[in-house]
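Colleague: Protein chains in written order, with our numbering: chain P, 13 to 353; chain Y, 13 to 353; chain W, 25 to 302; chain X, 25 to 302; chain F, 11 to 338.
There's no promise every hint is true.
Straight-line C-alpha distance at most 25 Å; calculated BS3-like pairs for lysine-lysine [said to hold, decoys possible]:
1) Lys139(F) <-> Lys191(F)
2) Lys243(F) <-> Lys117(P)
3) Lys247(F) <-> Lys267(F)
4) Lys233(W) <-> Lys292(X)
5) Lys233(X) <-> Lys292(W)
Hints listed in this document are in silico derivations from the structure and should not be mistaken for laboratory results. Since this is a predicted model, take the numbers as computed values, not measurements.
If you want the building blocks of each chain, they are given just below.
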Amino acid sequence: MSQTASTSPASVEDLLSRRRSPAERIQHVLHGNPALSPLIVLIAALIVFGIVSEGFLRPQALSLLVQQMAVVGTLAAGQTLIILTAGVDLSIGMAMVLSSLVMAKLAFGGMPSFLALLIGIAVAVLTGLLNGFLVTKINLPPFIVTLGTFSIFTALSLLYAQGQTIAVNPNSFLLVTGRSLSIGSVSVTWGVIFMVAVFVALGFALRNSAWGRHLYATGDDADAARLAGIRTGRVLLSAYVVAGLCVGIAAWIVAGRVGGADPNAGLNYNLLSITAVVIGGTSLFGGRGSVVGTLIGALIVQTFNSGLALAGVDPNYQVLATGILVILAVSVDQWIRKVKG
Amino acid sequence: MSQTASTSPASVEDLLSRRRSPAERIQHVLHGNPALSPLIVLIAALIVFGIVSEGFLRPQALSLLVQQMAVVGTLAAGQTLIILTAGVDLSIGMAMVLSSLVMAKLAFGGMPSFLALLIGIAVAVLTGLLNGFLVTKINLPPFIVTLGTFSIFTALSLLYAQGQTIAVNPNSFLLVTGRSLSIGSVSVTWGVIFMVAVFVALGFALRNSAWGRHLYATGDDADAARLAGIRTGRVLLSAYVVAGLCVGIAAWIVAGRVGGADPNAGLNYNLLSITAVVIGGTSLFGGRGSVVGTLIGALIVQTFNSGLALAGVDPNYQVLATGILVILAVSVDQWIRKVKG
Amino acid sequence: MTTATSTDEQAGGNTAGSDETPVLEATGLVKLFGRVVGLRGVDLRLFPGEVLAVIGDNGAGKSTLIKCLSGAMAPDQGTIKMDGRVVNFGSTQDAREAGIETVYQNLAVAPALDIASNLFLAREIRRPGILGSVFRMVDRPAMRKQSKAFIDDLGITTLQNIDQAVETLSGGQRQIVAVARAGAFGSKVVILDEPTAALGVRETGHVLKLVRDLRDKGMAVILISHNMPNVFETADRIHIQRLGGLAGVITPKSHSMEDAVAIMTGAKTLEPDEQTLR
Amino acid sequence: MTTATSTDEQAGGNTAGSDETPVLEATGLVKLFGRVVGLRGVDLRLFPGEVLAVIGDNGAGKSTLIKCLSGAMAPDQGTIKMDGRVVNFGSTQDAREAGIETVYQNLAVAPALDIASNLFLAREIRRPGILGSVFRMVDRPAMRKQSKAFIDDLGITTLQNIDQAVETLSGGQRQIVAVARAGAFGSKVVILDEPTAALGVRETGHVLKLVRDLRDKGMAVILISHNMPNVFETADRIHIQRLGGLAGVITPKSHSMEDAVAIMTGAKTLEPDEQTLR
Amino acid sequence: ANDNRPGVSLILKTQTNPYFVAMKKDAEDEAAKQGVRLSVAAGTQDGDTQNQINQIYTAIARGDKGILITSNGDSINAALRQAKAAGLYVIALDTPLIPPNTADNTFATDNRVAGQHIGQYAAAKLDGKPAVIAMLDLYNDQVVTVDTNRDHGFLQGMGIPTGNQSQNGLEPKKGHYTGGKGGSYQIVCHRPTQGAIDGGRQAMEQCLSANPNINVVYTINEPAGEGAYAALKAAGKQKQAFIVTIDGSCDGINLVKSGEFAADSTQYPGKMARLGVAAIAKIARGGPPPGKTAGKNFYDTGTALATNDPIPGVKSQTPAAAAKTCWG
Ligand SMILES: Nc1ncnc2c1ncn2[C@@H]1O[C@H](COP(=O)(O)OP(=O)(O)OP(=O)(O)O)[C@@H](O)[C@H]1O
Ligand SMILES: Nc1ncnc2c1ncn2[C@@H]1O[C@H](COP(=O)(O)OP(=O)(O)OP(=O)(O)O)[C@@H](O)[C@H]1O
Ligand SMILES: [Mg+2]
Ligand SMILES: [Mg+2]
């Protein structure tokens with residue numbers, strides 16, 4: 013008995029020190045940064061599509077890919093906040109459409125672009141405020157609230173735009189998000205830069221500010237957070253308002269992409285933004301996840317989409333492939349997490 | 013001190029016995045049956061629409077209303093099972109389409125209707141099995157799994173149907189769900205009867221069988237349920253399979269409604285079925301809720317829909333009104349629950 | 025304030041109490057859960073610089089009582105006064121701002137957050153300088169260091185990694201995190217609901233020492249515990265709950281442990297003049 | 025099997041142990057959580073008809089140990105034998121089917137379900153006749169009645185409504201529900217992780233009586249507790265954990281409470297021949 | 011609630027598409043003129059047949075005299091037959107039903123013909139050069155008849171075999187087109203656009219990544235075309251490739267004038283709606299049912315090709331002429 017007691021600790025130390033092989037060191041890093049495991053999926057996807065279609069990894073193609081995900085990415089950043097609080101925002105795409113319509117229509121009507129932009133963003137923040145108010149003050153489930161406001165924002169968009177697309181003067185400041193900036197050989201649009209800025213700001217705030225801690229705690233266990241002295245109502249409301257701000261920025265980016273506004277733009281963005289967040293490893297039950305993960309998730313979704321298009325897959329099989337790939341991506345992610353356990 | 017100690021118990025007994033006024037008795041009943049509080053919302057909606065449009069409460073109109081909700085209702089019954097396990101099924105509408113296409117195409121191709129029906133239902137059960145397998149064995153989040161299978165089922169439907177809607181011989185047994193049965197002055201379709209049967213069977217099983225208890229426990233706290241000795245994987249899988257069965261029955265009902273099968277029939281049902289479940293008071297976090305609530309939830313959704321259409325509201329305002337009504341319905345529900353506290 | 029004084033008063037009996045205003049005073053608290061009676065008209069008085077133990081059988085209403093006092097529940101009837109003024113706590117935050125810090129029996133911690141984040145939840149330390157004031161960055165290293173100190177003070181020596189998520193801690197370690205919070209931030213009143221239930225012998229000793237230290241700093245402490253030796257060793261007065269009601273208030277000097285258990289279980293009833301309400 | 029026997033053997037020392045095969049035997053269990061050491065090679069032997077107490081500081085690895093024994097965790101190293109045969113429990117259900125019934129420290133109950141449903145979870149009683157066999161209806165009234173009896177047996181008298189959801193119970197009431205499950209359904213080995221932590225004096229007495237009753241029926245019981253008097257009153261042998269390792273096995277006869285605490289905290293180390301491994 | 015005017019139901023595909031908004035507006039004007047009570051309803055998105063079925067039943071329950079419907083799919087047929095049995099006069103607008111006699115009459119653009127126009131134009135404009143084609147369709151996850159009819163019409167106009175009749179993307183990817191002077195063609199991609207600008211832009215960007223030499227772009231509608239133009243312009247290829255599209259809205263005709271679209275097949279939704287409302291109003295007052303276009307089993311409201319760059323041999327309108335009747 014004392015035998016075991018004296019030999020075993022050594023074997024534990026063995027076990028602990030054996031955990032130092034390069035592979036295990038990678039595992040250790042992965043363990044500390046759960047967002048990195050979707051990253052592996054992303055890299056794998058890039059490599060596979062790069063092999064399948066030669067043009068895929070050219071800087072120009074990649075820069076297009078990033079431009080295409082700027083809208084979904086920005087929305088998904090806001091969606092991450094909501095999902096971290098154990099909520100979900102089904103209205104986010106339509107809120108963006110409403111906001112971009114307001115921007116475009118005001119600018120079209122002759123208002124200075126800058127003012128039109130500000131009012132449009134204010135509308136987006138208001139949509140967030142409405143969702144947040146209904147969730148925190150009336151105490152309704154976010155799913156229902158945003159399902160309801162989805163209809164409301166849709167109707168308002170239709171009534172406001174009368175079903176028309178709105179084209180803004182191409183030189184308007186509103187469309188700056190569509191203009192490019194050359195950095196070396198790649199050109200990046202301002203829209204992409206804004207998206208990156210949103211991720212940096214949110215990532216910083218979630219990690220380093222008290223507000224971020226409170227958001228995680230509220231999503232993790234709202235009752236516990238409340239008992240610990242967090243004004244959970246206020247934290248929730250702030251999450252919706254900041255998400256509204258992201259929506260406003262996404263609306264600006266979409267305006268730059270379409271040269272104005274289009275009431276049809278929002279349909280897919282609700283589900284796409286949620287998909288990006290979930291593939292990025294954020295739990296739908298709240299409290300666990302990060303915006304870095306979301307960024308990677310959005311990139312994965314866009315990579316699949318563009319990669320399949322580039323590979324020239326028959327449109328009927330593309331849908332099939334997308335479904336299979338989404339499941340595979342998350343399976344691999346799950347497997348990486350389990351291995352590193 | 014002893015003063016208070018002797019008078020207070022009396023006042024407690026007072027408080028307890030005062031709780032006997034008719035209003036409070038209603039509250040007591042509501043407390044015991046949480047599904048009843050959406051019922052109040054439903055009744056209020058029926059009354060309001062009955063006043064607004066004269067025809068609304070005629071037996072014929074009501075019987076139409078119930079026929080229209082038969083498909084959503086049956087799907088929502090299956091969805092309830094999934095949501096009770098803290099999951100969600102985004103693929104349910106497309107699974108139904110796939111199953112109904114199989115039924116219709118086989119019957120169209122000359123197979124005896126009964127056999128075609130059985131194979132179609134088997135396909136639906138297989139879709140549930142696939143979802144359940146991915147959720148329980150590969151341990152993926154249901155949201156992602158069903159998002160993926162949504163695409164897969166969509167693609168399979170498109171490939172299988174070759175983009176055609178399929179019209180079955182109107183006398184086929186497959187379309188019996190669309191045929192009516194006169195009970196007194198109202199006529200009820202077999203589809204409605206099947207839907208009611210699904211609700212009765214599931215309601216009974218959830219309340220009275222060990223399986224039902226295990227399902228609730230698993231959704232409530234899967235870890236605790238596992239530690240208590242429930243094979244949670246098996247329970248989860250069974251929930252998906254039974255939901256698949258509901259999907260098969262819904263496919264049969266939809267076949268009766270459209271006289272065959274339509275690859276686009278599933279578009280709204282994913283979200284609609286979830287909406288019915290949530291409005292019916294089942295928690296998206298699992299473990300709390302009932303199929304009775306879902307039935308009422310589905311009726312509420314359909315009442316809003318038909319009521320607004322019958323009142324001849326402009327479609328733009330219909331969308332707006334639907335959004336507002338959904339939020340109002342759940343607010344009132346919330347309020348009733350709070351009052352009865 | 026000392027036990028001596030309260031024994032003096034005990035002689036004088038329950039009638040008037042001391043001239044001192046209680047820091048916390050509840051009168052006639054009633055709480056019903058449907059037809060289940062949580063509290064049936066309970067009075068409680070807590071004076072600055074004393075440890076008031078609350079004991080009672082399981083389900084006697086101890087937790088319900090302190091939830092009403094700390095704003096986590098609203099009583100159906102009865103009034104709560106702080107420093108003589110009637111207060112109505114709408115939330116635990118209100119109570120906390122009034123100076124009441126509480127550790128609940130079901131440990132209000134955020135499972136996915138690490139120890140330091142939990143300890144400083146809602147009370148984060150900011151970085152010095154512009155990073156803190158403008159960018160509102162929290163000072164993780166400082167919080168981590170202070171957390172380690174708190175935990176060490178409370179005698180937990182087995183904690184191997186201060187960055188562990190609270191959900192991975194052992195039962196006792198988790199409890200210490202919650203207690204350390206209250207100990208570090210309590211200002212006027214500290215309420216502890218069975219703080220030593222999951223603790224080992226030594227750790228329990230440390231927590232009881234913390235309780236006495238808080239009292240010596242002039243705070244008032246409410247301590248719920250099922251451990252009679254601990255209660256009798258630490259408390260100045262003992263409030264006994266029975267079946268949702270108040271069975272009486274005694275002191276370790278005036279009654280024995282056996283008496284306390286007998287009153288708790290109803291084997292013995294307390295005469296009015298036996299009580300020590302102060 | 026009686027305490028007398030084990031004292032006899034203690035004299036003989038730790039070397040060989042009895043001829044009897046242990047019902048449960050663990051050798052060299054190691055469990056790591058990342059770089060946190062949960063268990064560093066722990067041995068444990070449990071014989072039929074004995075109560076083995078496991079004590080140790082907070083975070084000493086007690087809960088981790090019994091989680092490995094009951095299939096809730098897989099050890100990184102080491103073997104577990106039941107009745108002399110090596111077993112590999114993939115899940116708690118496997119362990120339960122082998123006859124090990126466990127009450128975990130964090131109480132595995134389904135919060136939204138009522139008491140009877142929780143007590144009979146995964147062991148529901150069916151209705152007699154066709155309703156049960158064909159329609160698979162559970163017999164709620166019977167389960168409710170038996171639940172009431174179990175709870176009453178364990179001395180909880182304050183329970184006002186047997187249909188309460190478990191999440192609305194008081195801390196102690198909830199613990200009793202979990203303990204009652206194990207008591208009612210244990211077959212060979214019953215493991216209790218701090219079953220009396222939240223319990224009152226009387227309720228604790230009832231649970232300890234349950235433990236002795238189970239032993240007297242020939243079952244083996246592992247009891248984790250921080251309450252030394254309870255441990256010394258109830259246990260046949262005492263397994264002391266320290267910093268994830270085994271510090272030694274003693275009996276209430278061979279050592280005093282002070283000794284036990286000293287060994288637990290490392291103030292004293294146990295010589296090999298002082299141990300009582302049986 | 012006491013409204014004795016005859017009821018007319020207008021059931022649209024969706025209301026997010028300006029095309030149907032135009033239809034609705036003209037129907038409302040006409041209803042006011044004719045003194046009928048118009049109830050407008052719509053599916054939630056293209057292909058949403060289930061909601062349309064509900065709306066048909068609602069029209070029956072409301073006791074309307076007739077239904078004007080822009081069908082989202084054949085599965086509404088069973089419901090429409092019930093409506094006819096209940097005495098309602100059913101007119102299909104814009105989209106013919108299959109079989110067409112499911113409706114009492116049909117007022118429609120022939121989408122296939124509209125597609126053929128721009129296909130013929132594209133082939134002629136290529137003037138024998140090899141065609142590198144991007145096909146920007148509506149959906150890839152549902153089947154909608156406009157989508158396939160226009161796509162296949164365009165290919166037929168170009169002189170390319172279409173393969174499967176009811177699904178897009180099954181034609182041979184390389185080969186010889188026979189329209190115009192004829193030449194070799196290559197189909198680079200079929201991408202869904204959702205009929206939206208951003209969808210069109212994403213699709214075009216992806217097609218360009220796959221093959222930067224695209225010179226012919228088919229788009230399902232004008233918003234998708236606008237998106238495609240934005241992508242071409244960003245890539246500096248707006249001169250290399252031309253866009254053909256279908257819609258003929260007043261905004262779209264302006265884009266034809268400015269050269270953004272090379273050609274645009276026009277449609278007349280307003281005309282369809284006005285004719286439909288007037289027909290039912292007439293029937294409700296005891297008048298005769300409307301007739302059909304000679305030689306067709308529906309009433310063809312016509313389509314014309316608008317272009318700023320007319321090519322001999324392809325009949326076309328100038329933008330100025332087209333603007334006079336845009337969506338009338
Ligand atoms: N939310 C609730 N709904 C219904 N009954 C409740 C609720 N909360 C508490 N109770 C009941 O009120 C009574 C008092 O509970 P309380 O938690 O105050 O007991 P306690 O004295 O703290 O017991 P313990 O020592 O076990 O923690 C118990 O009978 C309990 O079942
Ligand atoms: N999932 C986990 N991840 C990381 N560390 C863990 C995990 N579970 C346990 N630990 C650590 O392992 C050690 C042993 O924990 P264990 O729960 O076994 O202690 P215990 O002896 O039961 O303590 P207590 O008396 O407080 O319940 C502790 O330091 C704990 O923090
Ligand atoms: Mg308590
Ligand atoms: Mg433990």
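Colleague: Now tell me, hint by hint, if it's right for this structure.
Modeller: Taking the hints in turn, this is what the structure says about them:
{"no.": "1", "hint": "Lys139(F) <-> Lys191(F)", "in the structure": "holds, 9 Å"}
{"no.": "2", "hint": "Lys243(F) <-> Lys117(P)", "in the structure": "holds, 23 Å"}
{"no.": "3", "hint": "Lys247(F) <-> Lys267(F)", "in the structure": "holds, 19 Å"}
{"no.": "4", "hint": "Lys233(W) <-> Lys292(X)", "in the structure": "holds, 24 Å"}
{"no.": "5", "hint": "Lys233(X) <-> Lys292(W)", "in the structure": "holds, 24 Å"}
Comparing the model with each earlier hint shows no violations; every hint is respected.
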